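Visitor: Between the sequences and the hints, there should be enough to build the whole structure, so can you do that?
Here is what each chain is made of, one letter per residue.
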Amino acid sequence: MSAVESYATKLVRNRMGLWLFVISDAFVFVGLFIARMVLLGDTRPHLDQGLGLGVTIMLLISSFFMNRAEVEMAHGNRPAFLRNIFITMALGVIFLVGVVGVEWQIAHFGPADGQQGAVFYAMTGFHAFHVLTGVIFLFIVWNNGRRGHYSAEKHWAVEACAIYWHFVDVVWMFFYVGLYLLGTPIV
Amino acid sequence: MADNTESRRAALNRGVWVALMLAVLTFGEFLVGVIAPPWGTLLLVVAAFKAFFVITEYMHIGRLFSSDEEH
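Sequence order for the protein chains is A and B. Its first residue numbered 189, the first sequence is counted upward by one per residue in the numbering used here. Its first residue numbered 9, the second sequence is counted upward by one per residue in the numbering used here.
Read the hints as simulated data drawn from the structure, not as lab findings. Being a predicted model, the structure only gives us computed values, none of them experimental. Positions of the beta carbon are idealized from the N, C-alpha and C atoms, including for glycine. Each hint should be verified, as a subset may be incorrect.
To be verified - Have a look at the derived ranges for each label pair, beta carbon to beta carbon:
1) A:Gln-237 <-> B:Phe-57: 15 to 23 Å
2) B:Gly-70 <-> A:Pro-299: 39 to 47 Å
3) A:Gly-219 <-> B:Asn-12: 23 to 31 Å
4) A:Arg-335 <-> B:Trp-47: 46 to 54 Å
Claimed, not checked - One side of the interface only, derived from the structure: several residues of chain A facing chain B at Cβ under 10 Å:
5) Ser-212
6) Asp-213
7) Val-226
8) Asp-236
9) Gln-293
10) Ile-294
11) Ala-316
12) His-318
13) Phe-327
14) Ile-351
15) Val-359
16) Pro-373
Guide: This is how it looks when you write it as structure tokens:
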């Protein structure tokens, strides 16, 4: 066996490691979703539906641009990669502002106001923390890309960033349904 | 070079179709959630369907099981 692992061998190991992390992290979100189902049942927090749909669309569009960024890097198109990853980052920030900066402020209840407050702020807070982490991750990859890192052949960091970002999007697909759409609003 | 351009275009187009499908399903979820709240199970099924497409098409979970070590 070679003393220095080939890039391809490391890549296989890195992918496995990242997916194991994603799956273990997903269990925490599943736990939060189960808590929502047990505590709120057929009711849901009274929230702004337009804002909920808006931030959800922002996150979906960000995933689209993240995918484009990864495809462009895989084909050696650095300017397009940088442009797309920057748009992804900007949309992530807009999502954060929408949830933490607006929804948290206009909600008719606080974190200590019963079960709906506990469920809503725990779910959105934990998810927002992941979005913030993702935005930082995106910024690091964008900055490295700007300085000439990565190539069509070697861009594991871009792929890892994309997997993490899409994971955050997948989590929100369920949280959006659980918080904004399932059941009848608590008046 | 032509192959590279072709595969890039195909990958980008695939991304567009997935995004369009996700947008339509999300809008459908919104309508069901607002108009018919009791249809909760349907909403969760649609969310799972959307997640499946993101995991397979955007997160490329298939690469985890492929023998070719691309990228």
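Visitor: Could you run down the list of hints and mark each one as holding or not?
Guide: Results for each hint:
1. Between A:Gln-237 and B:Phe-57 the Cβ separation comes to about 22 Å, which falls inside the hinted range of 15 to 23 Å.
2. Range check, B:Gly-70 to A:Pro-299: about 40 Å between beta-carbon atoms, so the 39 to 47 Å window is met.
3. The supplied range of 23 to 31 Å is broken by A:Gly-219 and B:Asn-12, whose beta-carbon atoms lie about 44 Å from each other.
4. For the hinted restraint 46 to 54 Å between A:Arg-335 and B:Trp-47, the CB-CB distance of approximately 50 Å keeps it satisfied.
5. Of the supplied interface hints, the one on A:Ser-212 is violated, with its beta-carbon coming no nearer than about 15 Å to a beta-carbon of chain B, more than 10 Å.
6. The beta carbon of A:Asp-213 comes no nearer than 13 Å to any beta carbon in chain B, farther than 10 Å, and the hint placing it at the interface is violated.
7. Against a cut-off of 10 Å between C-beta atoms, the interface hint on A:Val-226 is violated, since the closest Cβ of chain B lies about 14 Å away.
8. The closest approach between the C-beta of A:Asp-236 and any C-beta of chain B is roughly 12 Å, which is over the 10 Å cut-off, so the hint fails.
9. This hint is violated: A:Gln-293 has a C-beta 22 Å from the nearest C-beta of chain B, more than the 10 Å allowed.
10. Nearest Cβ of chain B to the Cβ of A:Ile-294: about 18 Å, over the 10 Å cut. The hint is violated.
11. A hinted interface residue such as A:Ala-316 counts as satisfied when its beta carbon comes closer than 10 Å to some beta carbon of chain B; here the least separation is about 19 Å, so the hint is violated.
12. Hint on A:His-318 is violated. Least Cβ distance to chain B is approximately 15 Å, over the 10 Å limit.
13. For A:Phe-327, the interface hint is violated, the least distance from its beta-carbon to any beta-carbon of chain B being 20 Å, above 10 Å.
14. With its C-beta approaching chain B no nearer than about 5 Å, A:Ile-351 sits inside the 10 Å limit, and its interface hint holds.
15. Interface restraint check: A:Val-359 against chain B, minimum CB-CB distance 9 Å, threshold 10 Å, status holds.
16. A distance limit of 10 Å between C-beta atoms decides the matter here; for A:Pro-373 the minimum to chain B is near 8 Å, and the interface restraint holds.
The structure does not agree with the numbered hints 3, 5, 6, 7, 8, 9, 10, 11, 12, 13 stated previously, though it agrees with the rest.
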